[in-house]
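Produce the entire structure from the sequences given, and follow the hints as far as they go.
For the sequence shown, position 261 (counting from the first letter as 1) is numbered 261 according to my numbering, and the numbering increases by one without interruption.
None of these hints come from the bench; they were simulated from the model.
Predicted model, so just to flag it, every value in this text is computed and none were measured.
Glycine included, every Cβ here is placed at the ideal spot set by N, Cα and C.
Any given hint could be a false lead.
Label-pair ranges, simulated between beta-carbon atoms [stated by the list, open to error]:
1) 433 to 957: 33 to 39 Å
2) 957 to 488: 22 to 28 Å
3) 663 to 892: 18 to 24 Å
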Amino acid sequence: MALQLVFISCKSTKSREEQGAIAKLWHNTNAHYNGYFNAREIMDETLLVLNEQHADNYNQRLEMFPFLAAESVAGVSEELDRAIEKVAIVVKKHPYSNWTDDSYLLVGQAQLIKQDYESAERTLSFAATEFRPRPPKKKVKKGQKADESEEEFESRREVESSQAQSRRDQLQARRDAQRERQRTIKQRDKERKEAQREREKERKEKIRNRKRGIRTPTKVTSDTTQVEGLDNEPDPVADELFAEAEEGPVGMISIFGNRNAADADGGEYGKKSGSYILKHRPAHQEIRLWLAWTLIKRDNFDRAQIILDDLRNDRSTYASVRRKAIAVQAYYYLQQQRPEEAIPYLEAAAEVAEERNERARYYYIAGQLYQELNQPGAALAAFEQVVAAKPAYEFELGARINMAQNAYLSGSGSPDEAIRQLERMAREEKNLEYESQLYYAMAGIAMRSGDDAGGADYLRRALDSPYGGGATRIEAYQLLGDMAYGQEDYLPAKRYYDSTLQVMADTDGRYFTTSDRRDRLSGVARSLEEITLRDSLLRIGTLAEPDRRRWAEEVFELRRATNSAANFSTPATQGSINIRNPAASASTLSGSSFWGYDNQVIRRGSRDFSRTWGDRSLEDNWRRSNRTDASLFTDVDDNLAAGAPSNAEVALVTEEEINAILADIPVDAQTQATMRDQLADAYFTLGREYRDRVENNARAIEAFETLDRKFPGSKYEAESWYYLYLLHTTEKDAAAAGRYAARLAENYPDSKFARLANDPSYAQQLVGEAGQRARMYEVAYQAFEQENYARANQLITGAMPDLPEGDPLLPRYALLQAMVTGKLEGRAAYISSLQQLVAQYNDTPEQTRAREILRLLGETGARLPGRATAVAGGKFRESMDEIHYVLVVFDDREAQLNELKDKLEAYNEKYNKTDRLRSTPIFIGQDNEVPVLVLRRFKTGQDAQAYYRSTQQHQTEFLNDVGQSFTVYPVSQTNYREILKARSFDGYGDFFQSNY
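The following block contains the structure:
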C-alpha cells in the first residue's frame, strides 16, 4: 500500500504545488541521473570531438571559442540530436523537476553548436522567459492566512487545465500576472534601498572608527578602469600560483563545468558564499548568456549587448556566469571587427579565467590584436602573460615566437637578434616538430626588415621541413605566391597558388581570392610554358647534327640518373599529393598508414639518423669502426646503388634511345615554320591574357612588341597592332598610339582594325549595324506572331546569310525559322529543323529550348516530363529523371585505368568537389577490350548533362595530358544496364547525339 501511494504521488500531470516531498525527490532524481546526465555526457564527448578536429593556426588570429568555429558539424550532428532527444524526454516526463531549465539550456547549446542559430534563439528565448526568477514569498505569521496574491509564478507552458474555464478566470489570471509584475518591481526597489542602507551603515561605522583611531581595512577589488561590472571579482591570482591552476583543454573553453562546484567557494556576487552547495542552482543566467551568444551569431548585436550588460553589472550574477559574460563581451566586439574595444575585455577575461589554457588563449588573442593595431610594446606584454600562465607548449612556443618578433619592433632589439634567437630555438630538440613554424616566423622578420630574398628562402625552408604542418604550408605557399605576383613573376606565382589551393580548405576566407587569382594566371602560365618549350626546341633544331646528338646523350644520362634516384623514393616523394585538410600534419598515400608512404616520416627519420650518426654513405657494415675496406673484396661497380648504371653502361646509349629523344625536335624547314607559327600564337595569346585577365598593360605591350619583332607578317600582325594602339592610348602615350594607327592605315587600309583606329565614327557604325540586325530580327518575330509566316520566312532567309560567324542572333534566327517551317510545312519539317538546330548550335539557350520542344513532341527520344519513351527501332530508353552515370570510354585497350582514374579524380576535386563523385574502372566488350571509367552518380539527366558540358568547357584540363583519345557519354541507369548486357556501345553514340 505504501508503495502504491508513492507511485500515485509521482503522477506527472500533477502541478508543482500538488507534489509532495517524495514526488519531488523522485522527479528530480530521475530527471537528473537518467536523461539529463546522459545528455550531458554526450555533449561533453561531442565537444571533445570538435576540440580534436580543430587545429589552431598560430599564424592567424586564434578563435576565441573553437567549438563555435567548426567548419563542419556533420560528424557530430547525430550525437547532438541524441542529446536533444534525451532531455526532451526529461521535460515531457518531469516538467516540474529542478532540471527542466537545464534541459532547455542543453537543447539551446546543442542547436547553437549544430549551427542552427534560428532554432537556438527560439529555444533559449522561450527558456529565458519561462524560467525567469520568481519573487520570494513573504513570511506568514502563525495563524494568519497567506495572501492570495503570493501565488507561485505561473508557467506559460501547456499544462492540463479544465475545459470549462470561464472568462472570469482568464481575467483573474491577467490581474494576477499584473500583480506579479508589480511585486517584482517593489521587490527590486526594496533590495536597492536595503543595499543603500547597508552602504550608509558601513560609512557611518568608518567615521566612528576613524574618530576612535581604529583603521578599517579596505576591501580589495579588481581594477574597473577598463571594464565595468568587475567590482566584486575575487582577488587576482599571483603568477607563481598559475602552475596550481587546472590546465584544461587547449582548444575548448570550460563551458560545461559543474556549476554548483564552481560557485561553492565564491558563491554569488553580492551574496553570501555557499548558497548552492546542497541545492540546485537555477539555469536562468546561463540561459541568457547562451542566448546572447546566439544573438551575436545571428548579428542581433543590440539585443545581445543588453543581455551582456545586465549579466556583467548585476551584483547577483553568479561568478562563473560573469566570467563567461566578460569573455562573450570580447567575442561580441571581435565579431564586429572592433579590436580596440575587445582588448580590455579579453584581458579582463584572462585575469579571472580558471584554466591556464583558457587564460593563455585570451592573452594570446589580445597580443595578436595589439599586433594588428601596430602596438608592438603592448603585444609583447600580452605574450609575456601567455608564457607566465604556463599553458600547453604550443601556446608557449607561439608566444615566444611573437615575443621575438615584437621585441625588435618595439625598439628593444634588432631583426638579426630576433632571427638568431629563433634559430637557436629551431636547433633545440624539443622544437623539432615546430621547425616549419619557426622558419615561417623568421621569414616574417626578414621581410619586415626589407630582405625579401631572405624571407623567401626561409619560407622555402619551412616548406622543406619534414615537420611542416598544414597551416604553415598554407601561409608559406600563399606568401610566396603573393611575393612572386607582386614581382610580376607570374609562372611561379601560379604554381605557388596551385599548391596553396591543394592544402587550403575551401571554407577559408582567402580561398575564393586565391582561386580567382590562380585562374587569372592560368592562361599566362600556359603561354609562358609553351613559349619556353617551343623556343628551346627551335634552338636545338638549329644546332648541327653532332651537337644535337651530344645534347640527346646528356639528356639520356640525366634521365637515367633521375630514374635511379627515384628507385629510392617512395610514392609520396615522387609527386605532390592533394591535401584537403589544412589541419593535417602529414600526407598519406591512398589512406595508407604505412610509414614508407609518409614523406614527412621518412625525412624526419633521415634527419634523426644524421643527427646521431652524421652524413654516411649507403654501404654495408657502416657501424663497424674497424671494418675492412669494401673495395678489397668487391669490384668498382659493386658499390653502386641498386638500379644505378655501371661505368660500362653509361657509355651504352642506343640509336633508338637517341632518336626517341630527338623525335620532337624540328629539323626541317617546314616543321620549324610550323613551330614558329605556334610561337606566334603563344605570344599573341600571352599579350591578350596580360591585358584582359591580369590587367598588366606594360607586360601586354612587351608581349605584342615581341610578337611584332620576332614574327613580322604573322596572321596576328594587324590585330596585335590594334591592341598596341589601344594599350598605348590607355597609357596616355599618344605618340606611340599614333604610330600604330598609321601603320594599320598604311599596311591594312581595308581592315576593320585600321578603320577602328583611324575613324572614331566607325565604332558607332558597327554598333549601329548590330542594332539594325537586332531590329530586323524583331520585325521577323513580329511577323511570326501576326501569323504572317511567309513574310517571316522571307525576312529570316534574307537576314541569316549576312550575319557574321558567331553572332548570337544566328541560333535565335534558327529557332524562329524552325517554328515558321513547322507552320508552313508541317510536323516532320518542324522536327527536322529543330534537330538541325540542336546539332549546329551547342551550348546555347536555343539548343536547350529546341530539345525541350522535341521532348514535348515525343520524337527522337523526346517525351513528356516524367515519362520514359522508347526510341524507335532502338534498345535504349530516354528518361532524364532517372539516376545517371557518366562514362569515359577510351580507344586504347592498353590504357592504364588506375592512372587515368587519379587524373579524373583530380579534375573532379577541382571542379565538382561538392558532388562527391566516385569513379570505377571497368572493361566492356566481348573480350573485355574496351577500358571505361564509370563516374557515379548523378540524380538526373540534367545533372549528367551539366557535367558533360563542363568537360567540354574545360577540355584543356579534362584528361588532356594523358595521351589517350576518349569519348564522354552521360547514360541513364537503365541504359547502362543495356550496355552491360550487350557488352557493347553499338548504337549508343547515335542515341546520345539525338537526346543529349
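Hints versus structure:
Range check, residue 433 to residue 957: about 37 Å between beta-carbon atoms, so the 33 to 39 Å window is met. For residue 957 paired with residue 488, a C-beta distance near 25 Å keeps the hint of 22 to 28 Å intact. Between residue 663 and residue 892, the C-beta spacing of about 19 Å keeps the proposed range 18 to 24 Å intact.
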